Amino acid sequence: MSVVTVQLGQCGNQVGQELFDVISSDAQDGQRKTYSSVSRERFFRQTSQGDFEARAVLVDMEPKVINHSMNRAAKSGRWRYAEASHFSQKQGSGNNWANGFRVLGPRHRDAVEELVRREVEHCDVLAGFIPMMSVAGGTGSGVGTFVTQCLRDVYPSSFVLNHLTWPYGTGEVIVQNYNSVLTLAHLYQLSDALLVHENDAVHRICSQQLNLKQISFGDLNRVIAHQLAGVLQPALTPDSCGAYSGNPLGELVSALACHPEYKLLSACSIPQMASASIAFSTFSWPALLKHLRQMLIANTKMEEGIDWQVRPPPASAGRTSSLTAGGFNASLANLLILRGKDVYSAETGGFEDPAIYTSWLPPAEALSLWKSPVPFDKYEKSATLVSNSQALLRPLDDMVRKAWNMFASRAYIHQYVKFGISEEDFLDSFTSLEQVISSYAQLQC
Amino acid sequence: MQRSKAAAGVEVKRVIGALCRLLAALGLDPVPAPEAFRRAKFGGRPEGDPFWQLLSSILHMSGIISSETSSQLRGELRKLVAAGLWQSGYHADWIYGADAGSFCSRDLLLALGWLLAKGVLETLLAGRVEQLDQTLLSSAPEKPEFSADLELDAASLRRLQWLMGHLRHRGRTLLSTIGARTRALHEVLSSSQVCSAAPSAGRSSAALTEDCFSLQQLCELLDAYVSWKQVEKVFWTWMDSVADRRLCDLRDRTSSQGVSHSLGACHQGKQRLEEMLRGPAQQQDVKSGDADWAVASLPPSLSSRLSAPSVHQMCRARLQAEQRLRRPSEGPHGGAAAPGELPAPQAAQLLLQAETELLQRRDRRRLANRKQLQGLMGSLDQQVFIAL
Amino acid sequence: MTQSVVVQVGQCGNQVGCRFWDLALREHAHVNKRGLYDEALSSFFRNVDLRKSDGGDCCVGGRIQHLKARAVLIDMEEGVVNGILQGPLREVFDSTQLLTDVSGSGNNWAVGHLTYGSAYREAIVNKLRKAAEHCDCLQCFFLIHSMGGGTGSGLGTRVLSLLEEEFPDVCRIVTAMYPSAEDDVITSPYNSVLAMRELTEHADCVLPVENQSLVDIVNKISVMSHGAKPGSVLRKDSTVTSGQGSLSPTEKPFDAMNNIVANLLLNITSSARFEGSLNMDLNEIAMNLVPFPRLHYLVPSLTPLYTLADVNIPTRRLDQMFSDAFSKDHQLIRADPKRSLYLACALMVRGNVQVSDLRRNIERLRPSLPFVSWNQEGWKTGLCSVPPVGHSHSLLALANNTCVKPTFMELRDRFTKLYRKKAHLHHYLDVDGMEQSIFSESLSSLSELIDEYHQLDATKARLIPDAPRLSIAR
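Going down the list, the protein sequences come from chains S, A and G.
Its first residue numbered 1, the first sequence is counted upward by one per residue in UniProt numbering.
Its first residue numbered 1, the second sequence is counted upward by one per residue in UniProt numbering.
Its first residue numbered 1, the third sequence is counted upward by one per residue in UniProt numbering.
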């Protein structure tokens, strides 16, 4: 089964390139033949010359980032992007979602669909698509939403998992909250699940967990790529009878996002450390999983500074539905992926505790486990948790609040009206996200 | 009711046609023509009747007759069918070889109705689908465990929506697996056509055609089942009229041949009546399954409407009341009759009363049922009137 | 890659433009070591093969043949343009890009806007179209003119409305030079207010620059370089301070001031020309910084204005650069943004600066900067990896800030002083097509603008609660 990645905008093209880089280096080891070949089948195709080309389509409205990503890929020597797999224009979307969604997307629909079609034809079996984009800018968010809509139209039975990068709370794009609201509201209808990385959280991982002094976007993207690869690399599901799972996206989506009101997924990994310190560290499954569980319920994305005080509320006490509720993060569903040594002896009982889940889904259905005995990305043992939980409730609520305040004074609306997005469209999007917020807030009561 | 009988006849023909198509799609061969059903209603010679063949193959395919039984009774179609019907819980005089005179193809039709009411169609369907659909994964279907007292509160609704979503995702995964298989098959086929000799290409192509054919058959089967399900109610009403006709014939014969003969023919019924007369305490000693025999032998759809046990109980109550009235006056009279025993003429009279009472009740019930059915059918698109 | 066309109008516009082309050539010479005509170069220059009869453009990727500026030079006098044509920059222009007259506009907006505007309308449109045809993907017009003189304010704003008519989809960014209070042109308040209305209605963004601020900054630089703390050495090849070592052998008195404005233009386009980890395209400027269509006056500030000899600048100095960008001394108009209200702010960083540096400084400075309630996080950032010549890094801040209000009010006061006396009014009303209503309408347009800023200012001290959210019925 193969996955076609669609990289959109500056962020999507940078993160995508890092993702393929991690995957190709992880699958390189000759010792693990099946794992490597499944991984390669999933993300690469082999040319007649024997080179590996990413199953990816690169889309941007300006050429600089795509050129950069293609050059970096070619320099790796392990893989590259196919020569004719990219589409770029000369002039960006100008941070305007409406421009991307209403003008540029429809204008270049045929060209992009053709690239996707060619990539799909190269797959023996298509599992689905991963459109990667940021929600802040204009190309990733606007054109990205449009392209996702096209994928839905053309490949109605394929799985679509959007990978979204949420901007820093401040300082990237001023209209980022508008763009995010419009993107999320539309994707919620179109996509099977939205896997989200927040720049703020990833930035904290870089500074506190990896101890980087000067943090670049490259550093952020590598952390995101590592976590994503931890999810997407081959793993064994309980009913796979020892064969690496057939449809990775289908399995992921069925494990985590079956309910139409709950589609927001977040990921965290353990361990994460500066590569220099890996050699001097030993890991044990009980310790890793104990930390990971606390990271989940206290909603921290890294080991450093976990709040050990946070406990699931006792079942007897009435649960409160406030956004904070003592910092406890209630889950709807979790997917735990363990990779490395002694993976079958790992005790995962901590994640089967009904107290960490919503009352209406029993842990047996809420928790899925994937395992792979192959060590991942230099770590002898590692665990990745993909969670459909309240983790994104707070940032989503902030995002909507800020956008709504701005909308209340009608600031910047004229820029969107210019490209055919009306106040009504904004109101629709606000309404559907308030619905999402309310659904997630109610997980805990 | 003034709508012509012809229209109803056409409708019945259509319904029976649907049944025949479904039977054929289930792989039964030969299936009697729809006309044979109509002829059977009015009786006919049972020898060489297509219903023998049909019943035997149904009993065969649904696994009611084991292979040993069938090998033992090879060639004796009639015995085979009788044995199968008996094993399915159907009892009629002709099964025991009695009443050969009145036996006609209508009895076979009634037996078929019994089997259909037993749900044999569904059993055959499940088997046939499994046989035809090679693309189904063999994995056991998930059975989410609902608590018995499932209420539709918000939480259960959410859980239900989650499960629905889960099923939908599973379905799509399955679809992509099927897509993959088809593609692989296509590749095997096309590559073998290009590079290997003609015969092997022919074989692959034959496999593909076969696959195609069975898929087509599957579609036809499901289609036939759906159209049958839509008109099934009409069929049962018609079946009811078949049963009616048999009873009428039976009554005609009874009146012409005399009561004693009729009682003699119904040895089993006599026994039952005796049991009834023994009173409630003894009644409970009798095997409980046996007690409902009369009801159980009817198709489930009818038996539920007749609510027969209440009829039994009513009659029983009346008989007992009369017994008690009688006892004090009879007590000093003489000890010839044991307590609780009735003089024969009185008993016969009581029995006759009971019988008329039962028959009246049955008729009233039946009328009510028909009205109900007609109401149901009236709510369907085309209104159908059945000749009664 | 997109291209931009610079339209320089009037004496001031052409002088600033001239410095811009000088610096742009130097910047590309510094970055482009291989002598190839690359995409960055193509954004402001054409590469022309003079041997071809039609002077056709060469493709990107070939050797540099002969660079021509993507510019249209307009003046109603000949002096400045002729000076350019005799100077070292003559090679980058040709006669088809020039439009001059001999008699000048007499410091009269009406003459420039109406008389010359109508007379040269066809000629101007033709030259603009020609320049646009040479572009593969025209993204932006940079219009440079003064607000005080007749040609700059009058014809400059006429060109602006022609651009809107002819190229409605191309972004129009105006660099407007505002006169000092003690300007020697008596009618400059009239010209400025009349021009303001045009700018408010037809421009996408206006970067106001005040002469007095430039004078102050240049004075401070010379104090720094001559008074000199021990150990600090002013770099001679810095683009900011001097034209020495450049194509121009001698430095004219206004060059230092004009260099600052030229640098503003270089930095604003840097992210569109060069690579960076966070690109900022020109069309993102208006999108992020203009919340309401008329409020598109963006106050620029440049740092560092002078640089020290160190190459590895410690973090403290990098942070100093960010602090300076918000100080009164570094604004290109006389205003104090910290004491007014920010509607939005863009930081365009060049050089070896990472996103963590950016975030640290935003977090550090945020508490001291008042932002409008609905845009508390109104920051737009761009990271361009190529630093300006002679610097390790630089920062251009563009602030949509109510601090422009005092400048506009001062202008209005000076206008009303003259207008009340009807002084010099007849010079304007004599011009064909000029009516007194244009004066009153321009005045009320300015007053409305001031009022809009005023209303926003009024929200500053108050604590504005969040707008009540939509509620979801369940």
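For the record, the hints were derived by calculation from the structure and aren't laboratory data.
The structure displayed is predicted, hence computed values, not measured ones.
Check the hints yourself; a few may be wrong.
To be verified - Reference listing, derived: stretches of chain G covered by chain S, where coverage requires no fewer than 3 residues with Cβ under 8 angstroms from a Cβ of chain S:
| hint | segment |
| --- | --- |
| 1 | 147–160 |
| 2 | 267–278 |
| 3 | 418–432 |
To be verified - Quick list of in silico lysine-lysine cross-link-like pairs, DSSO-like style, CA-CA up to 27 angstroms:
| hint | chain 1 | residue 1 | chain 2 | residue 2 |
| --- | --- | --- | --- | --- |
| 4 | A | K229 | A | K371 |
| 5 | A | K371 | A | K79 |
| 6 | S | K90 | G | K33 |
| 7 | S | K33 | S | K378 |
| 8 | S | K90 | S | K33 |
| 9 | S | K90 | G | K220 |
| 10 | S | K75 | G | K33 |
| 11 | S | K75 | S | K378 |
| 12 | S | K90 | G | K460 |
| 13 | G | K338 | G | K220 |
| 14 | A | K371 | A | K233 |
| 15 | G | K460 | G | K328 |
To be verified - Distance windows between CB atoms, simulated:
| hint | chain 1 | residue 1 | chain 2 | residue 2 | range |
| --- | --- | --- | --- | --- | --- |
| 16 | A | V188 | S | A364 | 23 to 31 angstroms |
| 17 | A | L222 | S | T348 | 40 to 48 angstroms |
| 18 | G | G61 | S | R72 | 51 to 59 angstroms |
| 19 | A | L175 | S | Q28 | 29 to 37 angstroms |
| 20 | A | W86 | S | T348 | 36 to 44 angstroms |
We put the beta carbon where it would ideally sit given N, CA and C, even for glycine.
Now for the hints, and whether the structure bears them out:
{"no.": "1", "hint": "147–160", "in the structure": "violated (count 0)"}
{"no.": "2", "hint": "267–278", "in the structure": "holds (count 3)"}
{"no.": "3", "hint": "418–432", "in the structure": "violated (count 0)"}
{"no.": "4", "hint": "A:K229 / A:K371", "in the structure": "20 angstroms, holds"}
{"no.": "5", "hint": "A:K371 / A:K79", "in the structure": "39 angstroms, violated"}
{"no.": "6", "hint": "S:K90 / G:K33", "in the structure": "24 angstroms, holds"}
{"no.": "7", "hint": "S:K33 / S:K378", "in the structure": "17 angstroms, holds"}
{"no.": "8", "hint": "S:K90 / S:K33", "in the structure": "43 angstroms, violated"}
{"no.": "9", "hint": "S:K90 / G:K220", "in the structure": "41 angstroms, violated"}
{"no.": "10", "hint": "S:K75 / G:K33", "in the structure": "22 angstroms, holds"}
{"no.": "11", "hint": "S:K75 / S:K378", "in the structure": "21 angstroms, holds"}
{"no.": "12", "hint": "S:K90 / G:K460", "in the structure": "40 angstroms, violated"}
{"no.": "13", "hint": "G:K338 / G:K220", "in the structure": "21 angstroms, holds"}
{"no.": "14", "hint": "A:K371 / A:K233", "in the structure": "13 angstroms, holds"}
{"no.": "15", "hint": "G:K460 / G:K328", "in the structure": "19 angstroms, holds"}
{"no.": "16", "hint": "A:V188 / S:A364: 23 to 31 angstroms", "in the structure": "40 angstroms, violated"}
{"no.": "17", "hint": "A:L222 / S:T348: 40 to 48 angstroms", "in the structure": "42 angstroms, holds"}
{"no.": "18", "hint": "G:G61 / S:R72: 51 to 59 angstroms", "in the structure": "20 angstroms, violated"}
{"no.": "19", "hint": "A:L175 / S:Q28: 29 to 37 angstroms", "in the structure": "34 angstroms, holds"}
{"no.": "20", "hint": "A:W86 / S:T348: 36 to 44 angstroms", "in the structure": "56 angstroms, violated"}
The earlier numbered hints that this structure contradicts are 1, 3, 5, 8, 9, 12, 16, 18, 20.
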